[in-house]
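Trainee: Let's have the full structure, built from the sequences with the hints guiding it.
As a plain string of letters, each chain reads:
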Amino acid sequence: MALLELKGITAGYGQNVILRDFNLNVERGEFVSLLGSSGCGKTTTLRLIAGFSEPMQGTISFDGRDYTHVPLHKRNFGFVFQSYALFPHMTVFDNVAFGLKMRKLDKAVIQRDVMQMLKLVDLEGFENRYPREMSGGQRQRVALARAMVIKPDLMLFDEPLSNLDAKLRVKMRVEIRRIQQELGFTAIYVTHDQEECFAISDKVAIMNKGLIEQMDAPSTIYNSPNTEFIARFVGFENFFELTRMQSGGFAAADGTAIRVADQKPGERFKGCIRPEDVQVRPAGEKGPNAIPGEVMVSTFLGRHNQLNVKTAIGEFVVSADQTQAFPIGTAVTLVLTENKIKLIG
Amino acid sequence: MKPSVNRKNRWIAAALVLPGVLFVVFFMLIPLFSLCLTSFFPDELFSLSSYFSLFGDVYFQQVFVRSLRLSLLSTAVCALLGFPTAYYIAKHSRHKGMMMAFAVFPMFTSPVIRSFSWMVILGKKGIVNSALVSLGIFAKPQGLLYNEFSMTVGFVQLFLPLMILSLIGVMDHIPDDLSEAAGSLGATKLGAFFHVVFPLSISGLVTGSVLVFTGCMTAYTTPQLLGGTDTRVLATMIYQYAMSLRDWTQASVVAVVMIVVTMMISGVFNALSRKINPMA
Numbered sequence: 001m002a003l004l005e006l007k008g009i010t011a012g013y014g015q016n017v018i019l020r021d022f023n024l025n026v027e028r029g030e031f032v033s034l035l036g037s038s039g040c041g042k043t044t045t046l047r048l049i050a051g052f053s054e055p056m057q058g059t060i061s062f063d064g065r066d067y068t069h070v071p072l073h074k075r076n077f078g079f080v081f082q083s084y085a086l087f088p089h090m091t092v093f094d095n096v097a098f099g100l101k102m103r104k105l106d107k108a109v110i111q112r113d114v115m116q117m118l119k120l121v122d123l124e125g126f127e128n129r130y131p132r133e134m135s136g137g138q139r140q141r142v143a144l145a146r147a148m149v150i151k152p153d154l155m156l157f158d159e160p161l162s163n164l165d166a167k168l169r170v171k172m173r174v175e176i177r178r179i180q181q182e183l184g185f186t187a188i189y190v191t192h193d194q195e196e197c198f199a200i201s202d203k204v205a206i207m208n209k210g211l212i213e214q215m216d217a218p219s220t221i222y223n224s225p226n227t228e229f230i231a232r233f234v235g236f237e238n239f240f241e242l243t244r245m246q247s248g249g250f251a252a253a254d255g256t257a258i259r260v261a262d263q264k265p266g267e268r269f270k271g272c273i274r275p276e277d278v279q280v281r282p283a284g285e286k287g288p289n290a291i292p293g294e295v296m297v298s299t300f301l302g303r304h305n306q307l308n309v310k311t312a313i314g315e316f317v318v319s320a321d322q323t324q325a326f327p328i329g330t331a332v333t334l335v336l337t338e339n340k341i342k343l344i345g
Numbered sequence: 001m002k003p004s005v006n007r008k009n010r011w012i013a014a015a016l017v018l019p020g021v022l023f024v025v026f027f028m029l030i031p032l033f034s035l036c037l038t039s040f041f042p043d044e045l046f047s048l049s050s051y052f053s054l055f056g057d058v059y060f061q062q063v064f065v066r067s068l069r070l071s072l073l074s075t076a077v078c079a080l081l082g083f084p085t086a087y088y089i090a091k092h093s094r095h096k097g098m099m100m101a102f103a104v105f106p107m108f109t110s111p112v113i114r115s116f117s118w119m120v121i122l123g124k125k126g127i128v129n130s131a132l133v134s135l136g137i138f139a140k141p142q143g144l145l146y147n148e149f150s151m152t153v154g155f156v157q158l159f160l161p162l163m164i165l166s167l168i169g170v171m172d173h174i175p176d177d178l179s180e181a182a183g184s185l186g187a188t189k190l191g192a193f194f195h196v197v198f199p200l201s202i203s204g205l206v207t208g209s210v211l212v213f214t215g216c217m218t219a220y221t222t223p224q225l226l227g228g229t230d231t232r233v234l235a236t237m238i239y240q241y242a243m244s245l246r247d248w249t250q251a252s253v254v255a256v257v258m259i260v261v262t263m264m265i266s267g268v269f270n271a272l273s274r275k276i277n278p279m280a
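The listed protein sequences derive, respectively, from chains F and W.
Counting from 1, position 222 in the first sequence corresponds to residue 222 in the numbering used here; the numbering is continuous, with no gaps.
Counting from 1, position 109 in the second sequence corresponds to residue 109 in the numbering used here; the numbering is continuous, with no gaps.
Any given hint could turn out to be false.
Simulated DEER-style distance windows between Cβ atoms [stated by the list, open to error]:
| no. | chain 1 | residue 1 | chain 2 | residue 2 | range |
| --- | --- | --- | --- | --- | --- |
| 1 | W | F26 | F | N128 | 41 to 51 Å |
| 2 | F | G14 | W | L32 | 21 to 31 Å |
| 3 | W | G169 | F | K74 | 44 to 54 Å |
| 4 | F | K74 | W | I276 | 22 to 32 Å |
It is worth saying that the hints were derived from the structure and are not from the lab.
The beta carbon of each residue, even a glycine, is placed where N, CA and C say it ideally should be.
Mentor: Okay, here's the thing in structure tokens:
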């Protein structure tokens, strides 16, 4: 049985229902990310798990116990806020010690645990500072230490790195992953940054309009998206109709035969392919998966040129060698790499 | 030619504050200074004799202590009543604007009218006494007026809005996720309040307390109308010296004492707050 189970959850604010019949299972020791654009319900889900709000319907169980109505302060879940939510009137030490003091632990134990945790997040010597005297990255680490020192049964992260600059973000996500592996806690991590959540998670749940569209390992999601929404999310930009022929191969909308390595049961599909997996060849070239087209727009993007190419089976976005010029109107041939085409049901 | 523009702007800025500064200098600082002078030169010669004789006077001692006691008590009552009210309005009210309008509504009437209202309410035939007698709690109407009780009631009603407004101003800026963070770390709602919301509200409590305390110490109408002849406070005493006894020296001595004490107590409030929240 999963460590955390959300079953048939409906939640929202008043008339505004954000989650409807929502389900989620998280196994012990897993690092699960909830990924999605703003308003998809990922933060609502996290706040339900934390106990900041209660669902209108459905149950939350943790470790076999019904947690739906267990009050916030009895859950023993660590929460890291986007804003850090450090107590401004307390020193770093007192911030980190807060949860231990609430548990009425012995002073010596508190002292030991806090110092140990500050060492883990590389903040030794900062215990007498106030949050306002620290940088964003340091505050983030205080927030991390404060949530982890209570030895939580579950760690919840609400876009913890979104207020940091790009370099620090990369450094901190490695740090969070390292600490998670070292302490072995189960974590749920909310973000809208695809790279970040792929880098940090065992499993990624991609959310759309209050539902999980796909929950899998990052590589599975990246390579085999289940739906067009996910495919677009992970960088597939070209979609075209495919119909299975009697021979077993596929035909595009205009009847052109397309070879596809991906296998799936069914008759009608959408094929999709990333811009970098489409080769741009001179006009007139023949061969498998070769489609004639005409350049509509050419955009310089540094590493490559992005071309919008009109073809008989739709417009394609492709990446072309940036040293070669493709004036508007140039006739080209696009070759769709056989084993890079994914089928979507 | 940026510097000259800046210099010009500075002059304009200075010109903008000039009327206010002149007003304060001529109608506050200079009179205040001459007030102090009067108190130190009772007979054209420097002497502290007025102060010595004043503090040696048993009647003054009583009035002085009463003023302090009533002001501190009223401040405490305002804090106790104002804190939950402000907390509710700032953190849990859906109609914040309307609630704040209600809170400051009493300030739209003059203290005179409000004192008269209390005379009606607390008088021998007022609604409070009628209720107490008809409920059988007292056999006959109680003397609720012209004593320290009625004065405290008057002060609290007069200055409670200041306390509430000061607190709301500060509580508004306490992020809600701090309470959530405290909760997720194991604090009960009450615990989160005392460990987080309360210490962070201290600066508002101090501002409110200073305003209420200063107001109570210096209020004249309320103690004059709701107090009796045996419950004089410093403000009414100054009036007595100045207008009834025509003793301007003595009046200015009391005034200086009042200013100094008010400033000292305000300083104490501030020091206390810094103990609770060093970052405030």
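Trainee: Where does the structure disagree with the numbered hints, that is, which hint numbers, in rising order?
Mentor: 2 and 3
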